[in-house]
Amino acid sequence: AGTYVTNVDEDDKLHEECGVVGIHGDPEASRLSYLALHALQHRGQEGAGIVAANQNGLESITGVGLVSDVFTESKLNNLPGDIAIGHVRYSTSGASMLKNVQPFIASCKLGSLAVAHNGNFVNYKQLKTKLEEMGSIFITSSDTELVLHLIAKSKAKTFLLRVIDACEKLRGAYSMVFVFEDKLIAVRDPFGFRPLVMGRRSNGAVVFASETCALDLIDATYEREVCPGEIVVVDRNHGDSSMFMISHPEQKQCVFEHGYFSQPNSIVFGRSVYETRRMYGEILATVAPVDCDVVIAVPDSGTVAALGYAAKAGVPFQIGLLRSHYAKRTFIEPTQEIRDFAVKVKLSPVRAVLEGKRVVVVDDSIVRGTTSLKIVRMLRDAGAKEVHMRIALPPMIASCYYGVDTPRSQELISSKMSVEAIQKHINCDSLAFLPLDSLKGVYGPVESHRYCYACFTGKYPVTKTESEEADAS
Amino acid sequence: SSYFSSPSPSEDNSHTPFDYHNDEDDEKPREECGVVGIYGDPEASRLCYLALHALQHRGQEGAGIVTVSPEKVLQTITGVGLVSEVFNESKLDQLPGEFAIGHVRYSTAGASMLKNVQPFVAGYRFGSIGVAHNGNLVNYKTLRAMLEENGSIFNTSSDTEVVLHLIAISKARPFFMRIIDACEKLQGAYSMVFVTEDKLVAVRDPYGFRPLVMGRRSNGAVVFASETCALDLIEATYEREVYPGEVLVVDKDGVKSQCLMPKFEPKQCIFEHIYFSLPNSIVFGRSVYESRHVFGEILATESPVECDVVIAVPDSGVVAALGYAAKSGVPFQQGLIRSHYVGRTFIEPSQKIRDFGVKLKLSPVRGVLEGKRVVVVDDSIVRGTTSSKIVRLLREAGAKEVHMRIASPPIVASCYYGVDTPSSEELISNRLSVEEINEFIGSDSLAFLSFDTLKKHLGKDSKSFCYACFTGDYPVKPTEVKVKRGGGDFIDDGLVGSFENIEAGWVR
Numbered sequence: 334a335g336t337y338v339t340n341v342d343e344d345d346k347l348h349e350e351c352g353v354v355g356i357h358g359d360p361e362a363s364r365l366s367y368l369a370l371h372a373l374q375h376r377g378q379e380g381a382g383i384v385a386a387n388q389n390g391l392e393s394i395t396g397v398g399l400v401s402d403v404f405t406e407s408k409l410n411n412l413p414g415d416i417a418i419g420h421v422r423y424s425t426s427g428a429s430m431l432k433n434v435q436p437f438i439a440s441c442k443l444g445s446l447a448v449a450h451n452g453n454f455v456n457y458k459q460l461k462t463k464l465e466e467m468g469s470i471f472i473t474s475s476d477t478e479l480v481l482h483l484i485a486k487s488k489a490k491t492f493l494l495r496v497i498d499a500c501e502k503l504r505g506a507y508s509m510v511f512v513f514e515d516k517l518i519a520v521r522d523p524f525g526f527r528p529l530v531m532g533r534r535s536n537g538a539v540v541f542a543s544e545t546c547a548l549d550l551i552d553a554t555y556e557r558e559v560c561p562g563e564i565v566v567v568d569r570n571h572g573d574s575s576m577f578m579i580s581h582p583e584q585k586q587c588v589f590e591h592g593y594f595s596q597p598n599s600i601v602f603g604r605s606v607y608e609t610r611r612m613y614g615e616i617l618a619t620v621a622p623v624d625c626d627v628v629i630a631v632p633d634s635g636t637v638a639a640l641g642y643a644a645k646a647g648v649p650f651q652i653g654l655l656r657s658h659y660a661k662r663t664f665i666e667p668t669q670e671i672r673d674f675a676v677k678v679k680l681s682p683v684r685a686v687l688e689g690k691r692v693v694v695v696d697d698s699i700v701r702g703t704t705s706l707k708i709v710r711m712l713r714d715a716g717a718k719e720v721h722m723r724i725a726l727p728p729m730i731a732s733c734y735y736g737v738d739t740p741r742s743q744e745l746i747s748s749k750m751s752v753e754a755i756q757k758h759i760n761c762d763s764l765a766f767l768p769l770d771s772l773k774g775v776y777g778p779v780e781s782h783r784y785c786y787a788c789f790t791g792k793y794p795v796t797k798t799e800s801e802e803a804d805a806s
Numbered sequence: 203s204s205y206f207s208s209p210s211p212s213e214d215n216s217h218t219p220f221d222y223h224n225d226e227d228d229e230k231p232r233e234e235c236g237v238v239g240i241y242g243d244p245e246a247s248r249l250c251y252l253a254l255h256a257l258q259h260r261g262q263e264g265a266g267i268v269t270v271s272p273e274k275v276l277q278t279i280t281g282v283g284l285v286s287e288v289f290n291e292s293k294l295d296q297l298p299g300e301f302a303i304g305h306v307r308y309s310t311a312g313a314s315m316l317k318n319v320q321p322f323v324a325g326y327r328f329g330s331i332g333v334a335h336n337g338n339l340v341n342y343k344t345l346r347a348m349l350e351e352n353g354s355i356f357n358t359s360s361d362t363e364v365v366l367h368l369i370a371i372s373k374a375r376p377f378f379m380r381i382i383d384a385c386e387k388l389q390g391a392y393s394m395v396f397v398t399e400d401k402l403v404a405v406r407d408p409y410g411f412r413p414l415v416m417g418r419r420s421n422g423a424v425v426f427a428s429e430t431c432a433l434d435l436i437e438a439t440y441e442r443e444v445y446p447g448e449v450l451v452v453d454k455d456g457v458k459s460q461c462l463m464p465k466f467e468p469k470q471c472i473f474e475h476i477y478f479s480l481p482n483s484i485v486f487g488r489s490v491y492e493s494r495h496v497f498g499e500i501l502a503t504e505s506p507v508e509c510d511v512v513i514a515v516p517d518s519g520v521v522a523a524l525g526y527a528a529k530s531g532v533p534f535q536q537g538l539i540r541s542h543y544v545g546r547t548f549i550e551p552s553q554k555i556r557d558f559g560v561k562l563k564l565s566p567v568r569g570v571l572e573g574k575r576v577v578v579v580d581d582s583i584v585r586g587t588t589s590s591k592i593v594r595l596l597r598e599a600g601a602k603e604v605h606m607r608i609a610s611p612p613i614v615a616s617c618y619y620g621v622d623t624p625s626s627e628e629l630i631s632n633r634l635s636v637e638e639i640n641e642f643i644g645s646d647s648l649a650f651l652s653f654d655t656l657k658k659h660l661g662k663d664s665k666s667f668c669y670a671c672f673t674g675d676y677p678v679k680p681t682e683v684k685v686k687r688g689g690g691d692f693i694d695d696g697l698v699g700s701f702e703n704i705e706a707g708w709v710r
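If you read the protein sequences in the order shown, they are chains A and B. For the first sequence, our numbering gives the first residue as 334, with consecutive numbering after it. For the second sequence, our numbering gives the first residue as 203, with consecutive numbering after it.
One chain only, chain B, in its complex shape (with noise of 0.2 Å):
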């Protein structure tokens, strides 16, 4: 994933007309990879198409996937959209094998998108080898520096890269300690698999910040993916974790498991059960389902309101709106709707509609609404821009009172372990108070999950997790801190866009 990710264009940025970008870029953390792997099954490419589209959720931007032919030639195909856009039938055909590893990536890239859709396949002189990546490495940098002055060249603006290079120049044998020895040089957040000609590995780095699961087919095929719900499509069993620094290698003798040293204390991300995994998979041993059901349930608790009806602003807060609507004994309805149809970009009227972004995604159901005190209950704020035009949206349909509930603490850090958040001084939560928030966003009344409330619901699993978003504490101090700039992987790629562009990334 990207090394730089890019927050989307921000509010002061002016946009043409007749060009409206998907407000939810604007307004949600973003989840950048899924990656899957398969090993020992003669369908491994039509298998990792698959469990990469109960993926989609974990990026909708750019697919790929390698097998290795029974030829031991790896072989490629990538492509800039959804996993069903970007394989057909006659595609997944030219990907024979028995082993596959595969990606889907967001990105807010756009000149630059094709050249960084994983997997990443290298040759080098002991054969060839694939890798797909989910997280960032926060040394890649440093890293490149140090590689590019020592001979190598990169092909992409993509961290993931360093790691093959690493591998390349690593003076280890066997090929797993190649790869012990390059991810032992990695800083950051990687959970990665590869393939070479007759392995697959799965690789989690030691705070297990990005999730990896194993699971396993009937026909013994061993299968590697980021989340459950994978597994479950292609009827693959889970049974268990990657383990924080454990490194699996896949082949003909079975599965063999080694630890990647130092040993640190694990920082898995909360933001998985809080907002990007899909409630039917089990992330980190935990159900995400009942996660979210429980933070509404504790919200309820720590912060009730008199009202009539609760909502959530779908999909993402709906479990949680359903937790808060059961303790508090206030019905739960369907008091938004969300449109189906939405693709990423919208042509908008030149006259404009007010909140048009909110309205295109979301419906209110003035049934529901009217002359009623509305508790909504959304998983995070991020910059505020959505929830203040969801408020009105409410209002507008009659809602007498609008109640915001937040099933998360206030975010006031950026992430730098691959997940594409804005940067710290553009959260909302890092420059007012609730109260102003409140007040910003024209709610009646605001409240957050507490932190401290959240860690103990964690119980004795609670240090297990990265909590750097709501606490501004790194466990992996990161090295470039993100600026908030106009937009787009430009500082990567050369000078490309337009003027104002430019000038809007240079100026720090």
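The following block holds chain A by itself, in its conformation from the complex (with noise of 0.2 Å):
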């Protein structure tokens, strides 16, 4: 038999699909969007994109790969001007890689604009179906293509007024920024799904990022959440101008930004990822407690809720699992098989921490749950005594539609699986999930209702048509 290359890193977790980056007013504008996509690595790490506005129009850089892969310091000098866009993403398609990455360009009669964005059309298909028959071509397969088409066909005069009717018409996930002639423009969609933040450097150049973490690295000064349905202008002549979309439904910000997929040192939705997802650690020791000795934690994105779990039950939080920063998306197996190799190169036991103990692992979901039966059995092998399994966010049933790449609902085993079965199948002593109704007690009774709970109840505030076809970005 032959060897085979392994996706470790698609097995068992959800990912974030896409961050975005616009700077408008700093004379390295496209350098600064470089460290700031660094900062949003976590967000995507399959393609990277920069967009720059000078004299000579629209010019754009986009690659495979990290950041620090796709850009070097030529390709940098080659994006002068003092407005730029960016982007990060995170795919599992192989051959169309390239021709996704954005940020995307396009001509029009009024000229060129450029646009990056994080999250997901779910009337993409029909929409697409429109613009065909009305004689759009789409070279790409992404939904982002989507808003270039809408504005190109749209009546309205102005560009801004454009974009406030191509959004209009969209339905489901928009976090964007725009560029057009000396305008940076930045769109959130009315329910806020996706996170948009701005901030400012102290020249005034005014920056828009997924996450305050990219503001942090390039010292902006964090200002304010840009406000579902806001669309806010930036240009030479008139600095910032906010407008809002006519409709304005109830907000539902996606709650896993708050349970996995942002950093913790950043500020999402208006509260600190790490003081969020510590509460929910907390939560969980006191609706689920458990003796035992020591508790641990799935690294990274499990560390901030063991630590909350620990502090709150009076236990010893110790590293029990290690994970390696050296693997990368494939790896070399061996044709022996190595038992749970996927997980083996990434996260080592500690036995010294682990041997003879009765061991809490605290991690932040589980989705198929064949990592956390590898995990389990690691754990086990290192000699723990009992293995306690606490999941810090509720068992998710239900597949995502707005931006992140989830798999189909019938995969993911809390929808086909009682919490008791699962605990039987990963052969764990105990399994518990944050409650849904704990959950949105962390956030109280009038911000709970800015959520999106769609991955925990199958209720989804955007009606899904037809959006699983679209490569969503």
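Rather than coming from a laboratory, the hints here were simulated on the basis of the structure. Among the hints, a few may not be true.
To be verified - Selected chain B positions facing chain A (in silico; Cβ < 8 Å):
(1) R248
(2) Y251
(3) V288
(4) I355
(5) D434
(6) L435
(7) E437
(8) T439
(9) L480
(10) L524
(11) A528
(12) V532
(13) Q535
(14) K561
(15) S565
(16) G569
To be verified - Covered stretches of chain A, going by a simulated chain B footprint (3 or more residues, C-beta under 8 Å):
(17) 364–370
(18) 400–413
Ideal placement from N, C-alpha and C gives every residue a C-beta, glycine not left out.
Make the complex out of the two chains shown on their own, each in a separate frame, by following the hints.
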């Protein structure tokens, strides 16, 4: 038998599908975009791109791979200008990778424009069909391309009005940045599914980014969130101005941004990710206590909740699992099976922490359950006497259509098994999830209504029509 | 490993505006190698590759594997970069055979990188031999001069190459006696694996400076590796350490053990427990995790301070910080998040972003720090530049007080046994008192793990460790003192680089 390549990363975790950046009014806009994209690398590792606006119009460089793989100094020198937008992308597609890397540029009768998008349009197929009937052609399989066509087709008089016109036809999730002439425009969908924040550098430059961690790296002070349904326009003559789409439904921000996707040091939806995640862990310790000797985490995203759990339970937190920082997405595997190889190459148990102990292991979520099964086995092999798994979010029972690459609902273990059945499947001594009511309790009665819980309830704020075929961006 | 291990560019060395060098290179001691040897497994090269991956933290700049093919030919693949960059499936397919040795390397050398990547292979009158080495030979120059005087030629600037020459000229019989003969001429640190047409040999120097362990797979294959974490990944059960001064020969007749003469008291590198090895490894027979946790606990006992939260400089400071927090009864929080996507060099904006290098790698969590009295635990301070940036980063994120606790004694002297350390005069603890360092880095208080307590904790084993970097007392006297210089290996390789570098290098 020949060898084969294991995709170790794709196995059992959700993936954010994009990060976006926009900068207006800094002579080093593209360089700062590059750094800001680097700070958002956790939101996408498969492709990166930057578009800069200068006297030659819009210039673009995109590529497959990490930000540091795609850009070099000489490439950034080819992107002069004081306005830039950038994008990082995660995708499971292979062959079509490069053409789908944003930002996208298009020319229309008003001039050239570029867009970078985080989210997913659930009515992509309908709109695409209609546009193709009207003569539009599509070069990519990305739903984002739709926006460019809608803007080009719009009858509205100014670029800004065309953007509004286009957005009001879109349904689903979008946090987008556009660059057009001397303007930078940031748009967030009325539900506010995906994050988008605004910051400012000491030289007055305005910065938009998916998360505040990108502002921090480039010395931009966090100013505020872009509000759901808001369109912010920054230009040279008038500074920044804001307007809102007419439709103003209740917000439905993605709770997984707090639970898993965003960096702990970011402020997302106006809240510290770290503090929120820690509270998930504390509540879990209250609702699902168990006698144990040590609390550990599945690194890295489970660590903060585990610290919360340990503090509330009064049990020591230890580093029971180490993560390798050199494991690539694909790895050459021996033909003789090494049991649980895909997990072993990324995670190593610390026997000194585990041997003879009753262990609580905290993770942020269970998707298919395959990784959890291997982790439990790894912990037992390293000498753990008991393994109690605690999941710092409710059971995921439904797929996401708003910009998160999720398996189909029927592949989610919680959609087909009870907690007890999952516990038996992954072979832990006990298993508990953060209850949905407790999750809402973290946010309180007013704020809790501003979040989307579709993946835990199957109730979608935007009807999912034919969205599975879109290649979300 | 290189005898002339080069510190990275010093503070006063100018660099081009757009070429930022990874800040970590300036500020942490650097292990210089990891080694692997496998005997008796049909997939030796593949397992070797995986084991090297598990040792990637010991070297990220070069990797290589040598196997012995069924036709008894030694075959080599080496390259610059991470293990996963150097090897792919088709390359590993070019390395069939049941035994293999491998090496990962860190070096500050640039142009001369590839030729210095081990394992090295040489042919001599009795066949071929490959070697991979972790350590540093302090009498390298003397031996090289003697060998060249007698007609040997050198292809690399690596000290490891002298071993091959010494084996080739040895009059001893049989093969393993040649190795013993060669090793008994060496002074310094060496954990080495050799491979010949039919044997795997593992050797550890009489002082045992660098680690080397032995394991076995369920199919009987014998594995040697720098750390047990490499055994774990390839499902080899840890059997024991290769003892200081031991020579192990593995062939179809099994494993045989010999000893080098003369015997010395072991002097194992304490920094393997402080910083270099992975926490899940057992090094020198002790759990690295437990050592670090205890160092943190001791620090909390010796140097308590009123505080609200304990944080770590990730990743190597985390375990000690957990120990400190547990002993002091103050919560541990993740106050600094490390980025895992930073490459070694990074493009920097021409407008200076203050403390850019540190900000690129570490992000403060304001929610943990704001308004708090913070204890931040790190494993060591070398030049002090990173510590001062971290303190500033924490204050800017709202910390009310910053108390720095270092889970090792002050480093006052350079290492000559396989750790890339700056010259002694560049070490901040060599020049300044604790109070002065505290002032320099801007912390509210600073304390180190005390040397006496460290030794007391090690108990009866304390004499088996090398403390040269904390005391300046070298078990093997270095014959070439390191000097501060501009960087690069150009002294070894001839005149490479700018005139400024040349001048900087030659001025002593």
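Consistency of the hints with the structure:
1. R248: At 5 Å from the nearest chain A Cβ, R248 (chain B) passes the 8 Å test, so the hint holds.
2. Y251: 7 Å, holds
3. V288: 11 Å, violated
4. I355: Where the cut-off is 8 Å and the nearest Cβ of chain A is about 36 Å from I355 (chain B), the hint is violated.
5. D434: 6 Å, holds
6. L435: L435 (chain B) check passes; min Cβ-Cβ to chain A is 6 Å, inside 8 Å.
7. E437: 5 Å, holds
8. T439: Violated: closest Cβ of chain A sits about 11 Å from T439 (chain B), beyond 8 Å.
9. L480: Status holds, d = 6 Å.
10. L524: 6 Å, holds
11. A528: 6 Å, holds
12. V532: Constraint on V532 (chain B) not satisfied, violated at 11 Å.
13. Q535: Check passed: Cβ of Q535 (chain B) comes within 6 Å of chain A, closer than 8 Å.
14. K561: 6 Å, holds
15. S565: 4 Å, holds
16. G569: 4 Å, holds
17. 364–370: The restraint on the segment 364–370 of chain A holds, since 4 of its residues have a Cβ under 8 Å from chain B and three suffice.
18. 400–413: holds (count 6)
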